[in-house]
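Asker: Each chain, written out:
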Amino acid sequence: MKFGVIVFPGSNCDIDCFHAVKDALGRDVEYIWHDDKELDGFDCIILPGGFSYGDYLRCGAVARFSRIMEAVKAHAASGKLVIGICNGFQILTEAGLLPGALVRNKNLKFICDTVPLRVETTDTPFTSLYKKGEIINIPIAHGEGNYVVDEETLRKMKENGQIVFSYVDNPNGSMENIAGVCNEQRNVLGMMPHPERVCEEILGNTDGLRLFESIVTALEGRR
Amino acid sequence: MSKPYEAVGLTEQEYKKIVETLGREPNELELNMYGVMWSEHCSYKHSRALFRHFPTTGKRVLQGPGENAGIIDIGDNLAIVMKIESHNHPSAVEPYQGAATGVGGIIRDIFAMGARPIAILDSLRFGDIENSERVKYLVDGVVAGIAGYGNCIGIPTVAGEVGFHNSYNGNPLVNAMCVGIIEHDKIFRGNASGVGNSVMYVGAATGRDGMGGASFASVELTEESEEKKSAVQVGDPFMEKLLLEACLELLETGSIVGLQDLGAAGLTSACCETAARGEGGMEIDVLKVPRREKGMLPVEVMISESQERMLLIVEKGREDEVKSIVEKWGLHAVTIGKVTGNGRLVVKEGDKIVADVPACSLDSSGAPKYYREYEEPGYYRELKQLDLESIPEPGDYNKTMMDLLTSPNLCSKEWVYRQYDHMVRTSTVVKPGSDAAVMRIRGTKKGIALTTDCNSRFCYLDPRAGSAIAVTEAARNLVCSGAIPLAVTDGLNFGSPEKPDRFWQFREAVIGIGEACRELDTQVISGNVSFYNETETQAIYPTPIIGMVGLIEDIDKHCTMHFKDEGDIVILLGETRNELGGSEYLSRIHGLEKGTVPRLNFGLEKKLQAFILSAIDKGLLKSAHDVSDGGLAIALAECCMEKELGVKVKLESQLRTDAVLFSESQSRFVVSCSPEALAELEQAMAQQEVPYRVLGKVAGKELVIDINDKNVIALNVKDIKEAWRGAFECLMN
Chain A
1 MKFGVIVFPG SNCDIDCFHA VKDALGRDVE YIWHDDKELD GFDCIILPGG
51 FSYGDYLRCG AVARFSRIME AVKAHAASGK LVIGICNGFQ ILTEAGLLPG
101 ALVRNKNLKF ICDTVPLRVE TTDTPFTSLY KKGEIINIPI AHGEGNYVVD
151 EETLRKMKEN GQIVFSYVDN PNGSMENIAG VCNEQRNVLG MMPHPERVCE
201 EILGNTDGLR LFESIVTALE GRR
Chain B
1 MSKPYEAVGL TEQEYKKIVE TLGREPNELE LNMYGVMWSE HCSYKHSRAL
51 FRHFPTTGKR VLQGPGENAG IIDIGDNLAI VMKIESHNHP SAVEPYQGAA
101 TGVGGIIRDI FAMGARPIAI LDSLRFGDIE NSERVKYLVD GVVAGIAGYG
151 NCIGIPTVAG EVGFHNSYNG NPLVNAMCVG IIEHDKIFRG NASGVGNSVM
201 YVGAATGRDG MGGASFASVE LTEESEEKKS AVQVGDPFME KLLLEACLEL
251 LETGSIVGLQ DLGAAGLTSA CCETAARGEG GMEIDVLKVP RREKGMLPVE
301 VMISESQERM LLIVEKGRED EVKSIVEKWG LHAVTIGKVT GNGRLVVKEG
351 DKIVADVPAC SLDSSGAPKY YREYEEPGYY RELKQLDLES IPEPGDYNKT
401 MMDLLTSPNL CSKEWVYRQY DHMVRTSTVV KPGSDAAVMR IRGTKKGIAL
451 TTDCNSRFCY LDPRAGSAIA VTEAARNLVC SGAIPLAVTD GLNFGSPEKP
501 DRFWQFREAV IGIGEACREL DTQVISGNVS FYNETETQAI YPTPIIGMVG
551 LIEDIDKHCT MHFKDEGDIV ILLGETRNEL GGSEYLSRIH GLEKGTVPRL
601 NFGLEKKLQA FILSAIDKGL LKSAHDVSDG GLAIALAECC MEKELGVKVK
651 LESQLRTDAV LFSESQSRFV VSCSPEALAE LEQAMAQQEV PYRVLGKVAG
701 KELVIDINDK NVIALNVKDI KEAWRGAFEC LMN
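Residue numbers (our numbering), protein chains in the order written: chain A, 1 to 223; chain B, 1 to 733.
Check each hint, because a few of them may be wrong.
Among the chain A residues that face chain B by a calculated CB cut under 8 Å, a handful are [what the hints assert, rightly or not]:
(1) Gly10
(2) Asn12
(3) Cys13
(4) Asp16
(5) Tyr53
(6) Gly54
(7) Pro99
(8) Gly133
(9) Ile135
(10) Ile202
(11) Leu203
Some residues of chain B that are not near chain A, with every Cβ distance over 12 Å (derived) [claimed, not checked]:
(12) Pro156
(13) Lys241
(14) Glu245
(15) Gly280
(16) Glu349
(17) Pro358
(18) Thr406
(19) Arg418
(20) Gln419
Okay, the calculated beta carbon distance ranges per label pair [said to hold, decoys possible]:
(21) B:Glu676 x A:Asp113: 29 to 37 Å
(22) A:Asn137 x B:Glu676: 25 to 33 Å
(23) A:Asp28 x B:His184: 26 to 34 Å
(24) B:Pro392 x A:Asp113: 56 to 64 Å
(25) B:Lys718 x A:Asp36: 34 to 42 Å
(26) B:Lys701 x A:Asn137: 16 to 24 Å
(27) A:Asn170 x B:Asp565: 30 to 38 Å
(28) B:Lys136 x A:Val168: 25 to 33 Å
(29) A:Asp113 x B:Ser614: 31 to 39 Å
(30) B:Ser324 x A:Asp28: 23 to 31 Å
(31) A:Asp28 x B:Leu248: 21 to 29 Å
Hints listed in this document are in silico derivations from the structure and should not be mistaken for laboratory results.
Glycine residues also receive a C-beta, built at the ideal position from the N, C-alpha and C atoms.
Turn these sequences into a full structure, and let the hints guide you.
Answerer: Structural data, given as structure tokens:
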């Protein structure tokens, strides 16, 4: 089982994701350069947080044209796992792998804080080890995490149970308090909060580790 | 008409010195190069002579002042690289970019040493936020600028301070500190060694932004300063992220001999400083320098302060290797010249020589050095007079407490640090809002604690004592985390050195810092001087900001300031005296800024710091917090906030009630321990003759303080927390 963390120019949570998988989870992980073409041999791809290409345009709008994104799309289409965290989530929505978009926080400021989230569904390979309705504490750190989506898509997402995490106290103005969503096939997850930041007791709590452990459970079950 | 040398900020005498050095009149380019390099900002011409007061060598010091940043050994082949720098004047006229580029500049200083930057701290001072829209605008812009740069480049902003006082009305202070980590054998220096080696330029193209920024920083702010916005650079944190990663990768190849960031005075400074530290000479061609605009003159290329640029000294023959790594990161590297051994900095425009000067005559070794006149200001003795008898005690201490907790200086700064990504790189163990930030060093058991500190009211009333207090308080902050204080980087912010009373403040402060650093065995390894922080009407309060790093050998033993559990015993270490002089209480509640600042007893201070460290190491303490601004009552309230735990305190005292609560006597700590640990702790305190008093217990939901069996404070912790947390946002809106 191998995880891959994509490094875009301007990624800055790549190292955090790498160490969460390697040190806290104890699994194989490699960095993948944005200009690479192949994702052979990887089971779960992580698009990390950061400011890809400076995010001087819409967040993620440039990164989606990186060469590796074709491979990410193929990886997702084959049913393998993809998780986009923060900027990674923004890139996945720009790339059309997830519905909706992330716009500026309602208060127009960057917000860094540890916030309570509700686990809305455990029926994903990313959340099976949580309890439905459980409140977990995960850090956020973003200026553009305000999730928006058209009414029709939102209705479908609700029907399909695609809303994976929601904020208990909405920090950024997201519709329906949405903090994380998955695609219809449930193998692509995008979330603004950073589970990789809370995988060790010394960092405050380990609520994020169960997300990675869920992935391991899903991948091992598949074999 | 003004003389040409006046236009570049030089005096007639300085001009004569240039003529003497060159044996001829300088041309326009050369004159401009001397102008920026001999500005106070680059040459420290008014301050250098006093630096002998600082202890700068010690067994842990691997690099003292004089390089891009200082380096201190933390054992096991690891070292911490750190420096603080001011960006006051740019932030006064263009707060967002001024602050952002301040952060960008200090980060480059750290990776120019070969280190990986791991933390940013910022120390900010603003004017009267309660009565000035301009101040709110500056706060908003500066905080957003620091956030914009630090968050994007992905280096956590982990600690700092924000203070307010009228003296900063026209001249805010923005000091940014960066901390990096490095292995001993990978330390790089800005040396241009090896005759024939190539000088390469990497990073952003050179534009006309930031023209003469160093000179702009070296004069007082005036009405016209607003028009100097063109002297403020524009930051591109994304470019810097690429530059950082490219440079660190390059250093691994062994092809790099030296590197230097292009900061104040741009190419001029980078060339002459690396040359002076290396073989002594360098030749560059301005036509080869990548440019953002057409038609730039050599002088513009040489003094531009465009951001995100580095100069590399590359082993001859390995230029292509360098280019390919730099290109992988989407940047370009260009050879612009070579290292020579003739001691000259030669600037060419194609084949034509446009400047030719001795390299070391430009940098601080060749710049003039002044011994300024100083004179004790009249206020110094006058303001020492404080008749406490004439000051009425408050009738309602609950109200006084609330007034203090919601005041600009004492309220929570969450509004500020919530905008900074303080967790990225997942090494921040103790987050902002504590005495000090604690960072783990990945792959080891070690941690470091970081803080900045300065009480400028104390420094105004008594610059020598106030500065010594800043050093000791910074050390106390670290000690409360369980860290042994190691080294200092100082950001010295003062008025004009050309005015004897201001220079007296500066001189006193330097002596005070030197004395305290010697006493505490914490060397000054780097720093920055920012003079001319004044407007037509007033100078700032002297503000020598002390950035300090400490070492925690076992990160699992680190301590925090918050009360942990009901039933824990609360103890005050140290002695409380009638020392309301210069206190936050006197200023905020009575509108008085006078009196003698609290006395500092280094013997007691060292004894207490050593005791706290050993008690934390033995696991006897559950919390430790230093008593500083606002005194004991505010310190107790701060300990209650995080877990919303109350405390019941009973005190006996002969002092006035307001002195018991709000005196800012030095060398005091509020600690808590489990009831089981009390006996061992008391025995140790008695044995080591540590003055202490058991204050009471962590209990209930209220902060209750009784003095001589009379209740003076009873406040619901949840209520005060809400008011304290929300106060800053109220000020801003």
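Asker: All the hints need checking, so say for each whether the structure fits it.
Answerer: Verification of the supplied hints:
1. Gly10: Holds, because the Cβ-Cβ distance from Gly10 of chain A to chain B comes to roughly 5 Å (cut-off 8 Å).
2. Asn12: Holds, about 2 Å.
3. Cys13: With a closest approach of 6 Å, the Cys13 of chain A hint holds.
4. Asp16: holds, 4 Å
5. Tyr53: Hint holds; Tyr53 of chain A Cβ to chain B Cβ min 7 Å, cut 8 Å.
6. Gly54: holds, 3 Å
7. Pro99: Hint on Pro99 of chain A: violated, closest Cβ of chain B at ~26 Å, above 8 Å.
8. Gly133: violated, 25 Å
9. Ile135: Interface hint status for Ile135 of chain A: violated (18 Å vs cutoff 8 Å).
10. Ile202: Nearest chain B Cβ about 6 Å off; hint holds.
11. Leu203: holds, 6 Å
12. Pro156: It is violated; Pro156 of chain B is separated from chain A by about 9 Å at its closest Cβ, not greater than 12 Å.
13. Lys241: violated, 6 Å
14. Glu245: violated, 9 Å
15. Gly280: It holds; Gly280 of chain B is separated from chain A by about 38 Å at its closest Cβ, greater than 12 Å.
16. Glu349: holds, 33 Å
17. Pro358: holds, 41 Å
18. Thr406: holds, 21 Å
19. Arg418: violated, 6 Å
20. Gln419: violated, 5 Å
21. B:Glu676 x A:Asp113: 29 to 37 Å: Check passed, 35 Å falls within 29 to 37 Å.
22. A:Asn137 x B:Glu676: 25 to 33 Å: Since Asn137 of chain A and Glu676 of chain B have Cβ atoms about 30 Å apart, the given range 25 to 33 Å holds.
23. A:Asp28 x B:His184: 26 to 34 Å: holds, 31 Å
24. B:Pro392 x A:Asp113: 56 to 64 Å: violated, 42 Å
25. B:Lys718 x A:Asp36: 34 to 42 Å: About 53 Å separates the Cβ atoms of Lys718 of chain B and Asp36 of chain A, which means 34 to 42 Å is violated.
26. B:Lys701 x A:Asn137: 16 to 24 Å: Holds: the Cβ-Cβ distance is about 22 Å, inside 16 to 24 Å.
27. A:Asn170 x B:Asp565: 30 to 38 Å: Holds, at about 32 Å.
28. B:Lys136 x A:Val168: 25 to 33 Å: With Cβ atoms ~31 Å apart, the hint holds.
29. A:Asp113 x B:Ser614: 31 to 39 Å: holds, 35 Å
30. B:Ser324 x A:Asp28: 23 to 31 Å: For Ser324 of chain B and Asp28 of chain A the Cβ distance comes to about 29 Å; the hint holds.
31. A:Asp28 x B:Leu248: 21 to 29 Å: holds, 25 Å
In this structure, the hints that do not hold are numbers 7, 8, 9, 12, 13, 14, 19, 20, 24 and 25, in rising order.
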